[in-house]
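Following the hints, complete the assembly by docking chain B onto the known chain A.
This is what each chain is made of:
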Amino acid sequence: MTKKRLLILEDGTIFEGIAFGSDEASMGETVFTTGMTGYQETISNPSACGQIMAMTYPLVGNYGINRDDYEAIELAIHGIVVRELADEPSNFRSGMTLSELLTLKGVPGIEGIDTRKLTRLIREKGPLKGILTAAGEEVNVIELVEQVASYSLPTDLVARVSTKKPYPSPGRGKRVVLIDYGMKHGILRELNKRDCDVIVVPYDTSAQEILALFPDGIVLSNGPGNPENVEGAVETIKELVGKAPIFGIGLGHQLFALASGARTMKLKNGHIGGNHPVKDLLSGRTELTVQSHGYAIDASSIEGTGLEVTHLALNDKSIEGVKSTVYDAFSVQFHPEASPGPEDSNHLFDRFTKLMQTSSGKGNFNA
Amino acid sequence: MPKRQDIETILVIGSGPIVIGQAAEFDYAGTQACLSLKEEGYRVILINSNPATIMTDTEIADKVYIEPITLDFVSRIIRKERPDALLATLGGQTGLNMAIELHESGILDELGVEILGTKLDAIHQAEDRDLFRTLMNELGEPVPESDIIHNLEEAHAFVEKIGYPVIVRPAFTLGGTGGGICYNNEDLVEIVTSGLKYSPVTQCLLEKSIAGYKEIEYEVMRDAADNAIVVCNMENVDAVGVHTGDSIVAAPSQTMTDREYQMLRNVSLKIIRALGIEGGCNVQLALDPQSFNYYIIEVNPRVSRSSALASKATGYPIAKLAAKIAVGLTLDEMMNPVTGTTYACFEPALDYIVTKIPRWPFDKFESADRNLGTQMKATGEVMAIGRSFEESILKAVRSLETGQFGLSLKNGEGMTDEWIEKRIRRAGDERLFFIGEAFRRGKTVETIHEWSMIDVFFLRKLEKIVQYETVLRANPFEYTTLRTAKRMGFSDVTVAALWNTDERTVYEWRKEQGIVPVYKKVDTCAGEFESETPYFYGTYEEENESIKSDKKSVIVLGSGPIRIGQGVEFDYATVHSVWAIQEAGYEAIIVNNNPETVSTDFSISDKLYFEPLTIEDVMHIIDLEQPEGVIVQFGGQTAINLAEGLEARGVKILGTTLEDLDRAENRDKFERALREIGIPQPLGKTAVSVPEAVAIANEIGYPVLVRPSYVLGGRAMEIVYREEELLHYMEHAVEASPDHPVLIDRYLTGIEIEVDGICDGENVLIPGIMEHIERAGVHSGDSIAVYPPQSLSKSMLATIVDYTARLAKGLNIVGLLNIQFVISEGQVYVIEVNPRSSRTVPFLSKITDIPMANIATKAILGQSILAQGYPAGLAPVQDGVFVKVPVFSFAKLRRVDTTLGPEMKSTGEVMGKDTTIEKALYKGLVAAGMEIKEYGTVLVTVSNKDKEEMVGIAKRFTDIGYRLLATEGTAKAFQEAGIEVETVGKIGSAGPTLIDVIQKGGAQLVINTLTKGKQPERDGFRIRRESVENGVPCLTSIDTADALLRVIESITFQTEEMGKQL
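Sequence lines, in order, name chains A and B.
Here the working numbering is used: position 220 in the first sequence is 220, and no number is missing along the way.
Numbers given in the working numbering equal positions in the second sequence, counted from 1, plus 10000.
If you're looking for bench data, these hints aren't it; they were derived computationally from the structure.
Where is the CB? At the ideal position from N, CA and C, for every residue including glycine.
Take the hints with a grain of salt, since some may be wrong.
List time: in silico DSSO-like cross-link candidates among lysine-lysine, alpha-carbon distance up to 30 angstroms [to be verified]:
#1 B:10551 - B:10511
#2 A:317 - B:10003
#3 A:125 - A:243
#4 B:10552 - A:4
#5 B:10003 - A:3
#6 A:117 - B:10464
#7 B:10003 - A:117
#8 A:4 - A:165
#9 B:10080 - B:10003
#10 A:4 - B:10548
#11 B:10270 - A:117
#12 B:10080 - A:117
#13 A:193 - B:10551
#14 B:10270 - A:317
#15 A:3 - B:10464
#16 A:4 - B:10464
#17 A:3 - A:105
#18 B:10548 - A:117
Label pairs and their computed distance ranges (CB to CB) [claimed, not checked]:
#19 A:261 - B:10548: 48 to 58 angstroms
#20 A:282 - B:10532: 29 to 39 angstroms
#21 B:10151 - A:351: 52 to 62 angstroms
#22 A:73 - B:10545: 37 to 47 angstroms
#23 A:309 - B:10530: 23 to 33 angstroms
#24 B:10138 - A:309: 35 to 45 angstroms
#25 B:10513 - A:309: 51 to 61 angstroms
#26 B:10480 - A:309: 48 to 58 angstroms
#27 B:10545 - A:347: 45 to 55 angstroms
#28 A:282 - B:10335: 43 to 53 angstroms
#29 A:134 - B:10532: 32 to 42 angstroms
#30 B:10106 - A:309: 30 to 40 angstroms
#31 A:160 - B:10371: 52 to 62 angstroms
Excised from the complex, chain A in its bound form:
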């Protein structure tokens, strides 16, 4: 028996659709992604913590869920909105359906709504707070709209998704300490592929503890939410800069910028999807990148920080990458590890491993 479900947004817009996944009601920030493949990676990306994600591609679940394509073991996403859910997937690796996974992980989904209407709404108004809840006679919509409107988005997202304890992912190569602000497995996969000896540490690990692991390099991972909400991170990074080569990704990139003295700002329209062109100012080439960010570095704050802009979003010219002019440190706003999405900028991991090799001792290469 199909169950009805509602998506109620803070502006009073209501979508009625069919429920799938968990029966729990759930609140979050409603955003959309334009990726046409990669829903398993997208919904398991910890950066999606607290979000209700609408998929603009109308058929979702076609190839099921497999054991390999997770970006995190637990799902941090708060809800999923699709036009049509595939209940009988077709792919040789498929082990279960998307709905089965969501039920197992306690995430609600809604299908059968006009997702393009929702997308256009979000494009116009920016991300909207929303609730996924069961439909029925007893539902008091007005009350729910008020509840959604007064809901304040959590600020402890990183704490929710970061690992509680450090753990190793051993290799025979360079020692990399990876600070987990909400790390995608893809980053770890790329480092392991390059034989790095990785130790993943919680987001609030102190600089002393990190340096005591004798890193050849430090990676600041991606993660959810506003960089200003990540307590202590900026101070820690400040202490780490210059001690070992640093590579920041996503939230890690924003934190690196803050630590360098720049500012960040919220974008009206965040970038989520796998088709965002970014111009690499060093090579002159434009690459298609994967992005999932609602915040960006404020370009006007770059001057005097010792940072140089290395990457620009082709379309809105927002900053997509910086490097330190003083230290062996660079960061990008997008996801070079892809998963999902185009792997055009995968070579940045090579840049980082090379930096670890060439860096004289502690990263102050330019000195």
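Showing chain B alone in chain A's frame:
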């Protein structure tokens, strides 16, 4: 990088006539390219032999040459125009091959003409099987085990090593001409032999068959700065083994995970970077459904049919940007023309599903081999957009205009299970519908997957559609059921059949219930950015994005898929009509479903609705747009057929009224009208039974022309000479009954004349009159047409002008009309009047510089011909002679008889123009692909009735030094006339027969008129097919032979001994 400043003039090579494998998509690509180069300030010189195209309009390029695309003629143009550069990657395989030929001839080096875009060595590397394989090996990319073979022995050796099945792919042919899959030795001999013949380099690739793999395509672009993107990927519903042009295709891919998607994306980009492609490129891959294993199948280093599809599927104009890349611009400095605010260096995101279904010519060619393999057979295609796969494919099905509105077959219930299984196991044009029938019989997804290798994802969707038929049947007039059905794409016709009611009732009830579609925008970005493109598709969702403007609007109905009898010429007229509507101050709205065409380029009209051309789909658009009216006379029979249903629902048909359209098309009403107007037509009557038919034929006298009363494009029309033939026809071709009468007309032998005219209700403008080379009886679309007429007296011309004007006014034509006359024994008879745009409209418009579709549209909108600045009557005759020569695709359609008759068979046309008819014909024939040799051997086998005429022709052939070969009867006739001839054995006779002669290349030309009987076993048929299979021109009409002879005579000299009178 800024655009090139060092070049000024660019020569663009078009793709020539429409043939199977190369259709309207290159008019679309070429038009975009020329306009885009002009936009950048370059001087554009265009050459294309196909007059029925938009790209050969003088507005599209600075200079337009409608000349044969051959080394000889293109070289002449290069010498004359001295272009700085050449762009050949937008003219299909024809353009590419021409560029290679030009390069090899040395003229490009000599005159310093640079080839723009993808360089020749890259083209070679992609197209030459050996070089390509070597490159793939270097890149470490897998290709199926294969070998290049140059003869049959090598082919046998390969199969011994690899085993069957193997695929044969001839090198440098378009649409896989001459290729196929071999399951045994017999197949191997046949297919390899023909493949080697078709390959200009006598080379075939033999390849291990990977049938059953998923077939995936990536449309990619790269610029000189090495930016590379994927515009669109597509998944063929049919697994590897069916030519992609013959496959049902979904975009984007449906069953690949992101890992598979990115893996194949990386491969595609790696390949185009290695090749150094500058522009568009198509990469075809095969993916194992059970692992990450994949193979590269093929790379097309140019824009293609798939890129036209990808452009329409995403909104991203590949050809336009490819042309700009060719002059040095890079993707990251050009804007995405759809959004206008984002850059072209970007990969479109779709928020809908696109389905393409090919349109095959088997309704015309019933005897043709309908199996599908590596040789493409479709003439055209339809595309549909939906928010579910079900909606998308069902919309595509009803766009095909095959009378099908759902997944069912005519007489499907009566078929045996074995037959259905067989037709699913072996891919054919109707497989989709056989699958529907199999589901209706309870066959499981697993079973059908085993039979067809089609991915279970697609099969489940098809199964859902069939299963929902049961739900619908059980719930008549139930809101939720109907809404769900509409979201699944069910047509009202299907719903009505399941509810035992009529379509209109369903439509009305549905509207009352508020179940109506909304229109969503195709914007390349899934709604992420705002876009201004007026490109819409209908779907059953909440929010409508198509807002009716305040401006008065007119809707033009397009002509749907390219098929035999309805080609690119109707798209030409549609586009011109749109421009005229805009000039007249209205908003022009197009409805069409053909992704290959210029009319479905969103920049042509004010609004484009990419929708099926059915009453239901068109009515919804009309309900929303509330236009002043609908124009149906430019969209061929497709649009005309909708007129009645639209008017019945209160829509205003602009131009000639429905009643008058009917008067021209309905046999009885037409006869009555002719009597009133006082214009003679050949004697004829209607028969509803066999005895009646025989009696009528005896009364009016043989030969007679027979056809069913409602007939499109000459379908099932035949000329019969004897009673036994009539009986055969009545038994096999038609079933005469009071509901299905058969028309029997006196067949008049004589000159056929074709006229196009424009009438505003008051005055009639006749841009020109054309005379056909082939006498009446050959379909006008298959005849060579000559402008101006060569053999008509002044008084005869005056009669034709007078009749045309009287017919136009008598039939109350407002807009275009096309008339065919026959002149028999000095008397002019009218054979047919088409109250609409015709095949010859672009041809005549281009010759006379009278924009016929434009004037007609304005006349329809109320502006008189005189007010538009044109005089009434016959326009002044132009200098020179212009011929329109039909082009056929027989080589691609096995078992199709090539004989010309009342049923149209050609797929395209070319124009030849020069100062004399001989020169014009020469160009026309050469442009149509005929090699005209100054000497050689003609093989003649003609029927008794043609022998007398043939003697004269034969004599002339020997006079210019040709050798004659003939079968016994024909040879005897020649010998009696004192003509030297060598006799060859008939089929089945002892010793070498004429078939051996043809196969061994012993004849350069075949003239064959043994036409009677349509059974393939007949000798004439064998001879004609052998000629086609062996690439020898075969003429089936004495008139064509005469024309060809005149051409050869004009380029050679006679050698006569002294003492004789010349």
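Numbers of unmet hints, in rising order
3, 4, 5, 7, 8, 10, 11, 12, 13, 27, 28, 30
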